[in-house]
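We have chain S; now place chain E onto it with these hints.
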Amino acid sequence: MANTYATNEFRSGLKVLLDSDPCVLLDCEFVKPGKGQAFTRIRYRNLKTGRVLDKTFKSGEKVQAADVLDTEMEFLYSDGGDWHFMDPNTYEQYSAAKAALGGHEKWLLQGMTCGVTLYNDAILLIHPPHFVDLKVVETEPGIRGDTATGGSKNATLETGAVVRVPLFIEVDETLRLDTRSGEYVSRVKN
Amino acid sequence: MRAFLTARGYQEVETPILGPHATPDRHLDSVPAAGGFLHTSPEFAMKRMLAAGSGPIFQVVKAFRAGESGRHHAVEFTIAEWYRLGPLEGLLREMDLLLGDLLGTPPAERRTYRELFLAGVGVDPLSAPEERLQTLAEAHGHPGRPDDRTAALDYLFSRLVEPGLGTRAPAIVTRFPAPLAALARLSDDDSRTAERFEVYWAGLELANGYDELQDPEEHRRRFAAENRARERAGKPAAHPDERFLAALEHPGIPRCSGVALGVDRLVMAALGASRLDEVVAFREAPGN
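Going down the list, the protein sequences come from chains S and E. Going by this note's numbering, the first sequence opens with residue 291, and the numbers climb by one from there. Going by this note's numbering, the second sequence opens with residue 14, and the numbers climb by one from there.
With the rest of the complex left out, here is chain S (with noise of 0.2 angstroms):
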């Protein structure tokens, strides 16, 4: 094991433990000022906490790669305190505690295919689709025709989810949700 990159091989995408956190490259920047030493700059996401930091590397220091994979998962069901996802191909059950899911537990169905962030083959991170589809369970009487005026009102999704919609939304409509901004996007035919 024990993997290591010299900053010579840095690139962004690579995924590194940084601090003792499994950390993704974002930007690298070999510098050397005048006639002085060479260094590499980097900026990078702790995948953990996600917070983006700079640090600098002599040239030719190394680093040790973390055991990161991204892939893919199908969502089988939360029992509350965890939720639990199956890797297709293999069928292997992972259970993913909240803070993997970084609030994204709301635009969750089961049978649902997420991206996910294994590190040391344990649930890092999970990433639903950029966009999903999901039917209305509770919001007030729709104002049919009223399509102009712009208004909005709250609706609750069968995954408990709550959004904002326009006012001509109905009751077991399913709506395409953009799950980076939590906004309605449209209505999808049935």
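Everything labelled a hint here was simulated from the structure, so no lab data went into it. As the structure is a computational prediction, the values presented were derived from the model and not from experiment. For glycine and all other residues, C-beta sits at the position ideal for the given N, C-alpha and C. Errors might be hidden in some of the hints.
Straight-line alpha carbon distances no greater than 20 angstroms define the calculated DMTMM-like cross-link-like pairs of lysine to aspartate or glutamate that follow [to be verified]:
| id | chain 1 | residue 1 | chain 2 | residue 2 |
| --- | --- | --- | --- | --- |
| 1 | S | 325 | E | 244 |
| 2 | S | 325 | E | 277 |
| 3 | S | 396 | S | 362 |
| 4 | S | 388 | S | 364 |
| 5 | S | 305 | S | 351 |
| 6 | S | 325 | E | 161 |
| 7 | E | 75 | E | 27 |
| 8 | S | 348 | E | 244 |
| 9 | S | 425 | S | 448 |
| 10 | S | 338 | S | 357 |
| 11 | S | 348 | E | 161 |
| 12 | S | 345 | E | 89 |
| 13 | S | 425 | S | 473 |
| 14 | S | 348 | E | 239 |
| 15 | E | 248 | S | 351 |
| 16 | S | 325 | E | 27 |
| 17 | S | 325 | E | 239 |
| 18 | S | 345 | E | 239 |
| 19 | S | 396 | S | 462 |
| 20 | S | 352 | E | 160 |
| 21 | E | 75 | E | 290 |
| 22 | S | 325 | E | 160 |
| 23 | S | 348 | E | 151 |
So the derived list for chain E, only partly shown, Cβ under 8 angstroms to chain S, looks like this [to be verified]:
| id | residue |
| --- | --- |
| 24 | 83 |
| 25 | 211 |
| 26 | 221 |
From chain E, some residues computed to sit far from chain S (all C-beta separations above 12 angstroms) [stated by the list, open to error]:
| id | residue |
| --- | --- |
| 27 | 26 |
| 28 | 31 |
| 29 | 93 |
| 30 | 102 |
| 31 | 103 |
| 32 | 132 |
| 33 | 145 |
| 34 | 157 |
| 35 | 199 |
| 36 | 231 |
| 37 | 264 |
| 38 | 286 |
Same frame as chain S, but now just chain E:
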């Protein structure tokens, strides 16, 4: 550039790219080739020509520096290097005219290293204790403690001073601290500074030049210091170029000033490019 220099009495020359010696510079690594090394700049060969009485000379040539690859660096790059007789002032004026000619820049602003460092870092680069500079460098993100004064100065300057240089007009930084003299002579009126300069424009370090050191013994001392630093860093020492040292002793190089300019970066500045890749068609060398 050729027209500019030729019109001012410089003669274009060629010197070998492949030679027997690696550079002793502590922060440069020569690329080995055919039992010898590719040059990191044509400096020593051109100075031997000056010693032989060439008068003002220039050349535009490829140079090679192992391990330097990035947005503003390539292992193989093009250098323009020229030397004129006499002290630095004439060369600095010419440099300003050349930039105006090629890039349409306003007249360059000259600043001493010390005044820029005082303004950007807040301590005096000539008199601050080494420990203070090392601690400051660490506080500003230097990985570990810098080895010595030169490492701390280089880092702090690059971090806190360089980003603001050469925005409105090209910046010519003069009178570098003596420990960063490289092969520049020390200032006549202050032995704490050296007659080295650098030119910055459009976020790029474009050129580095000296009022050239003439004393052969001082050359030997500086090469030895570079080699000690190389050994501390676990790099192979470089044998001094004895032909160059012999030329310094006899007949000796005349009082002259020289500068090396990165041609690829000059093209970047002319075109407003932000990466070398935008102006260099081929980046295929290993490690590039």
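The hints, checked one at a time:
Straight-line distance between C-alpha atoms of residue 325/S and residue 244/E comes to about 18 angstroms, which keeps the hinted pair within the 20 angstroms bound. Restraint check: the Cα-Cα separation between residue 325/S and residue 277/E comes to about 17 angstroms, which is no more than 20 angstroms; the hinted pair holds. Restraint check for residue 396/S and residue 362/S: satisfied, since their Cα atoms lie roughly 18 angstroms apart, inside the 20 angstroms limit. Restraint check for residue 388/S and residue 364/S: satisfied, since their Cα atoms lie roughly 17 angstroms apart, inside the 20 angstroms limit.
Among the hinted pairs, residue 305/S with residue 351/S is consistent with the structure: their alpha-carbon atoms are about 16 angstroms apart, no more than 20 angstroms. Taking the CA atoms of residue 325/S and residue 161/E, the gap is near 15 angstroms; set against the 20 angstroms cutoff, the hint holds. Under the criterion of a C-alpha separation no larger than 20 angstroms, the hint pairing residue 75/E with residue 27/E is consistent with the structure, at around 11 angstroms. At most 20 angstroms may separate the alpha-carbon atoms for a hinted pair to count; residue 348/S and residue 244/E meet this at roughly 17 angstroms.
This hinted pair checks out: residue 425/S and residue 448/S have alpha carbons roughly 6 angstroms apart, not beyond 20 angstroms. Restraint check: the Cα-Cα separation between residue 338/S and residue 357/S comes to about 13 angstroms, which is no more than 20 angstroms; the hinted pair holds. Note on residue 348/S and residue 161/E: the hinted pairing holds, with a Cα-Cα distance of about 14 angstroms set against a maximum of 20 angstroms. Proposed proximity of residue 345/S and residue 89/E is contradicted: the alpha carbons are some 27 angstroms apart, above 20 angstroms.
With a C-alpha separation of about 14 angstroms, the suggested pairing of residue 425/S with residue 473/S holds against the 20 angstroms cut-off. For the proposed pair residue 348/S and residue 239/E, the alpha carbon gap of about 18 angstroms is at most 20 angstroms, so the pair holds. For the proposed pair residue 248/E and residue 351/S, the alpha carbon gap of about 14 angstroms is at most 20 angstroms, so the pair holds. Taking the CA atoms of residue 325/S and residue 27/E, the gap is about 24 angstroms. The hint is violated against a cut of 20 angstroms.
For the proposed pair residue 325/S and residue 239/E, the alpha carbon gap of about 12 angstroms is at most 20 angstroms, so the pair holds. Under the criterion of a C-alpha separation no larger than 20 angstroms, the hint pairing residue 345/S with residue 239/E is inconsistent with the structure, at around 28 angstroms. The suggested pairing of residue 396/S with residue 462/S holds, with an alpha-carbon distance near 18 angstroms, which does not exceed 20 angstroms. For the suggested pair residue 352/S and residue 160/E, the alpha carbons sit about 18 angstroms apart, so the restraint of at most 20 angstroms is met.
At roughly 16 angstroms between alpha-carbon atoms, residue 75/E and residue 290/E fall within 20 angstroms of each other, so this suggested pair holds. Among the hinted pairs, residue 325/S with residue 160/E is consistent with the structure: their alpha-carbon atoms are about 15 angstroms apart, no more than 20 angstroms. With a CA separation close to 13 angstroms, the supplied pair residue 348/S and residue 151/E stays within the 20 angstroms bound. At about 3 angstroms, the closest approach between the beta carbon of residue 83/E and any beta carbon in chain S falls short of 8 angstroms, and the interface hint on this residue holds.
The interface hint given for residue 211/E is met, as the beta carbon of that residue sits about 6 angstroms from the closest beta carbon of chain S, less than 8 angstroms. Given hint, residue 221/E at the interface with chain S, holds; its Cβ is 7 angstroms from that chain's nearest Cβ, closer than 8 angstroms. Against chain S, the non-interface label of residue 26/E holds: every CB pair exceeds 12 angstroms, the least being about 23 angstroms. Against chain S, the non-interface label of residue 31/E holds: every CB pair exceeds 12 angstroms, the least being about 23 angstroms.
Even its closest Cβ contact with chain S, about 17 angstroms, leaves residue 93/E beyond 12 angstroms, as expected for a residue assigned away from the interface. Residue placement check: residue 102/E keeps its beta carbon more than 12 angstroms from all beta carbons of chain S (closest about 21 angstroms). For residue 103/E, the requirement that its beta carbon stay farther than 12 angstroms from each beta carbon of chain S is met, with the minimum near 23 angstroms. The claim that residue 132/E lies off the interface holds: its Cβ sits roughly 17 angstroms from the closest Cβ of chain S, which is beyond the 12 angstroms cut-off.
Every CB of chain S lies more than 12 angstroms from the CB of residue 145/E, the least distance being 19 angstroms, so the non-interface label holds. Distance to chain S contradicts residue 157/E as a non-interface residue, since its nearest Cβ pair spans about 8 angstroms, not more than 12 angstroms. Against chain S, the non-interface label of residue 199/E holds: every CB pair exceeds 12 angstroms, the least being about 17 angstroms. The non-interface label for residue 231/E is consistent with chain S: the shortest C-beta to C-beta separation is roughly 17 angstroms, beyond 12 angstroms.
No Cβ of chain S approaches the Cβ of residue 264/E within 12 angstroms, the least distance being about 28 angstroms, so the stated non-interface status holds. With a closest Cβ-Cβ approach of about 16 angstroms to chain S, residue 286/E is found to remain outside the 12 angstroms limit, as its non-interface label requires.
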